[in-house]
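> Below, each chain spelled out in residue letters.
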Amino acid sequence: MRKMLTIISNVLRGSASRNGARVVVSARTYADFTPQATFDIKKCDLHKLEEGPPLQAVLTREEGLQYYRTMQTIRRMELKADQLYKQKIIRGFCHLYDGQEACAVGIETGINLSDHLITAYRAHGYTLTRGGTVREIMAELTGRRGGIAKGKGGSMHMYTKHFYGGNGIVGAQVPLGAGVALACKYLGNNEICVCLYGDGAANQGQIFETYNMASLWKLPCIFICENNKYGMGTSVERAAASTDYYKRGDFIPGLRLDGMDVLCVREATKFAAEHCRSGKGPILMELQTYRYHGHSMSDPGVSYRTREEIQEVRSKSDPISMLKDRMLSNNMASVEELKEIDVEVRKEIEDAAQFATTDPEPPLDDLCNHIFYNDPPMEVRGTNPWTKLKSVS
Amino acid sequence: MNTLLIVLLIIMEISQIHFLYVTVRDALNQALDEELERDERVFLLGEEVAQYDGAYKVSRGLWKKYGDKRIIDTPITEMGFAGIAVGAAMAGLRPICEFMTFNFSMQAIDQVINSAAKTYYMSAGLQPVPIVFRGPNGASAGVAAQHSQCFAAWYGHCPGLKVVSPWSAEDAKGLLKSAIRDDNPVVFLENELMYGVPFEMSEEAQSKDFLLPIGKAKIERQGNHVTLVSHSRMVSLCLDAAAVLAKEGIECEVINMRTIRPLDAEAIETSVMKTNHLITVEGGWPQFGVGAEILARIMEGPAFNFLDAPAVRVTGVDIPMPYAKILEDNSIPQIKDIIFSVKKTLNV
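Protein sequence lines, in the order shown, are assigned to chains A and B. Mapping the first sequence onto our numbering, position 93 (from 1) lands on 276, and the numbers just tick up by one. Mapping the second sequence onto our numbering, position 240 (from 1) lands on 248, and the numbers just tick up by one.
Hints listed in this document are in silico derivations from the structure and should not be mistaken for laboratory results. We put the beta carbon where it would ideally sit given N, CA and C, even for glycine. Just to be clear, a hint being listed does not mean it is correct.
Subject to a maximum C-alpha distance of 25 Å in a straight line, what follows is the list of computed SDA-like cross-link-like pairs (lysine to any residue) [said to hold, decoys possible]: (1) A/K335 to B/K72; (2) A/K571 to B/D272; (3) A/K335 to B/P167; (4) B/K224 to A/G565; (5) B/K126 to A/L550; (6) B/K224 to A/V575; (7) A/K522 to A/T243; (8) A/K401 to B/G100; (9) A/K401 to B/P83; (10) B/K224 to A/R564; (11) A/K344 to B/K126; (12) A/K573 to B/E301; (13) A/K412 to A/D228; (14) A/K571 to B/A275; (15) B/K344 to B/P310; (16) B/K126 to A/K412; (17) B/K73 to B/T31; (18) A/K571 to B/L315; (19) B/K72 to A/W400; (20) B/K72 to A/Y369; (21) A/K571 to B/K224; (22) B/K282 to B/G257; (23) B/K126 to A/G315; (24) B/K216 to A/D558; (25) A/K335 to B/K126; (26) B/K216 to A/G565; (27) A/K571 to B/G223; (28) A/K412 to A/Q387.
Some chain B residues well away from chain A (every beta-carbon gap over 12 Å; in silico) [as the list claims (entries may be wrong)]: (29) L17; (30) I18; (31) R68; (32) Q154; (33) P193; (34) F207; (35) E228; (36) D248; (37) A300; (38) M307; (39) D316.
Produce the complete structure using the sequences and hints provided.
Written out as structure tokens, the structure reads:
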């Protein structure tokens with residue numbers, strides 16, 4: 184009977200989503216699902232703030248399914264990238280995001296697509312949440328012409344609208360992000376910039392230079408430190424005299440929160456965004472999170488931490504499991520439903536991987552293009568004086 | 009003779025031909041003012057550019073006219089504010105980032121190269137970076153080693169950048185306006201010793217839409233015997249040397265590069281095919297320098313077969329810049345060095 188209901192509702196859901204009446208239809212066929220629930224979330228540690236984000240978060244069934252789907256997509260996409268890298272189909276640098284999904288998804292739900300975001304090189308998750316497709320991301324990793332940067336950027340250099348990468352130089356993205364925020368303030372468009380960096384980058388001088396100017400000029404910038412406890416192979420205790428990253432902004436108010444809980448991240452981001460949009464200037468968030476993979480594909484990730492530690496986080500704090508448990512125990516979704524999402528996600532990833540491995544590499548005459556924007560075609564010297572290559576904007 | 013002059017002046021007055029003498033500093037100031045007025049997205053940031061009127065007074069009067077939003081004083085944090093400028097350019101503004109001197113740009117060079125120059129390519133055309141980095145470059149007077157380096161070769165090395173090095177007031181104005189209107193990162197190398205030098209500025213150059221194309225050299229003096237190629241302040245020395253040599257019957261063709269990257273190799277080749285002799289003159293160090301690149305291109309190109317003697321470079325001495333005047337004077341090319349090199353090349 185249950186199975187029948189599932190099939191019927193899927194058909195109805197499929198047709199209903201075209202006219203946007205999905206929730207209502209579902210409620211009629213899924214009389215037993217809770218449309219929304221309120222969850223207690225952990226209190227944030229506060230720095231130079233009187234009040235913090237709320238201690239409860241409301242999650243609707245629809246939101247929950249969407250967060251689940253997106254996090255699962257990131258998870259499976261990163262695992263697929265791991266596979267392809269080991270098959271040598273992806274080369275060079277590949278920094279995987281699995282474990283940190285709640286950060287990317289939670290942040291995006293706290294801002295709008297019209298806001299801006301910039302991060303460092305562990306960027307595949309953000310490329311997705313900011314509007315990229317799994318296909319274009321994977322094809323970029325495999326260096327094909329269908330890649331989001333036509334195969335010219337690779338893992339660390341992916342861009343979409345209002346997403347400024349993907350940046351390879353540790354810390355350099357932070358001043359860039361403040362510059363984007365300056366543009367938002369200058370243009371008066373009420374947009375903000377989310378500017379991410381890791382616990383390793385948090386010690387960079389240019390970040391402190393940026394804190395200073397962002398604060399002086401009251402730039403609408405949310406600085407977010409994704410603290411996954413290790414800067415490459417160096418644990419936070421070995422790298423930072425103060426590991427209270429949320430306080431390192433000194434005169435900038437800060438929050439420290441559980442980066443494995445998507446609702447925590449969402450509420451904190453909403454709080455921070457409101458702070459910026461009200462003209463109070465920058466704010467800093469530290470998300471305590473964890474990466475399951477090593478720093479990059481060339482790092483097994485077990486020389487500086489124990490397998491037990493990784494296993495413990497996986498079993499006790501996995502962001503996707505946490506959301507799944509919440510939804511199931513509050514009757515907001517069924518096991519079959521979530522399994523079905525898993526199947527759909529798996530298929531999407533398989534299709535994308537198929538595309539990424541069969542799409543041709545960029546044509547050789549694209550080699551010298553995109554040097555300058557809005558410029559007439561020019562000649563570029565090849566490897567020898569007789570080779571003159573063409574470059575167009 | 010005098011009456012002829014008076015008649016000429018009267019004719020000029022009647023026909024409204026007005027020549028103005030404008031210093032390089034004022035020409036730059038005009039260019040900044042005009043471009044700030046023309047496009048609201050243009051803004052200037054750097055140390056002392058606003059309330060101090062500019063460390064070298066290039067931005068004099070602009071803060072008073074445009075205010076805090078468009079003319080921004082920064083703290084002494086080059087890496088930070090250069091990065092902020094690049095980010096602002098990525099998000100749709102058109103910043104002019106001033107380095108008090110290009111020596112300080114070394115602190116920020118990662119932002120210039122990795123964040124600005126390479127981004128349009130890495131993003132395969134998704135993310136342009138319309139930014140100008142400007143400031144004085146090269147040797148000044150008595151400022152010693154850490155404040156006297158020429159960065160033309162360093163920035164000229166990198167694809168994705170345009171590198172401009174004006175000489176005259178017209179160069180300064182026309183090229184800065186073009187740089188600001190260019191949708192790509194432009195490194196604009198000024199020269200402190202040239203700021204106060206007045207040049208004739210034609211009527212055409214006085215217009216608000218006067219632009220000079222980036223990437224095109226200018227022949228400042230025609231000649232048949234030897235080609236002198238130079239940029240920035242050294243153009244003055246070449247012209248002075250040419251004047252002295254002319255008295256001995258040697259006619260130098262002096263080329264003002266105007267742009268370091270993209271290099272106008274064609275202009276140089278055409279000239280060398282006429283004169284058969286080439287000397288490059290620069291203030292920077294010899295190794296891996298601007299002159300070295302020009303000579304390599306001549307070797308690889310059609311002009312090689314027209315050379316009657318090896319092409320040579322006149323450069324700064326390969327040492328950090330000393331302080332004492334006699335030492336400093338002998339660390340950079342002098343007019344006599346150019347004359348000596350011409351005579352050696354021509355074997356006279």
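> Holds or violated: are the alpha carbons of B/K216 and A/G565 at most 25 Å from each other?
Status violated; Cα separation ~39 Å.
> Against chain A, does B/Q154 keep a CB gap of more than 12 Å to every residue?
holds (19 Å)
> Taking 25 Å as the top limit, are the C-alpha atoms of A/K335 and B/K72 close enough?
This hinted pair is violated, its Cα atoms lying about 45 Å apart.
> Find the nearest Cβ of chain A to the Cβ of B/D248 and say whether that gap is larger than 12 Å.
B/D248 is indeed farther than 12 Å from all Cβ atoms of chain A, at 34 Å.
> Does A/W400 lie within 25 Å of B/K72 when you go C-alpha to C-alpha?
With Cα atoms ~19 Å apart, B/K72 and A/W400 stay inside 25 Å; holds.
> Taken at face value, is the distance from the CA of B/P83 to the CA of A/K401 at most 25 Å?
Holds - the C-alpha atoms of B/P83 and A/K401 are around 14 Å apart, at most 25 Å.
> Was B/F207 rightly flagged as not at the interface, with every chain A Cβ beyond 12 Å?
holds (29 Å)
> Is the straight-line distance between the alpha-carbon of A/K522 and that of A/T243 25 Å or less?
holds (19 Å)
> Would you mind confirming whether the straight-line C-alpha gap from A/K571 to B/L315 stays at or under 25 Å?
holds (23 Å)
> Taking 12 Å as the cut and beta carbons as the points, is B/P193 off the interface with chain A?
It is violated; B/P193 is separated from chain A by about 9 Å at its closest Cβ, not greater than 12 Å.
> CA of B/K282 to CA of B/G257, is that 25 Å or under?
holds (17 Å)
> Taking C-beta pairs only, is B/R68 more than 12 Å away from all of chain A?
With a cut-off of 12 Å, B/R68 remains clear of chain A, as the shortest Cβ separation is near 23 Å.
Of the hints listed earlier, those the structure fails to meet are numbers 1, 15, 16, 26, 33 and 38, in rising order.
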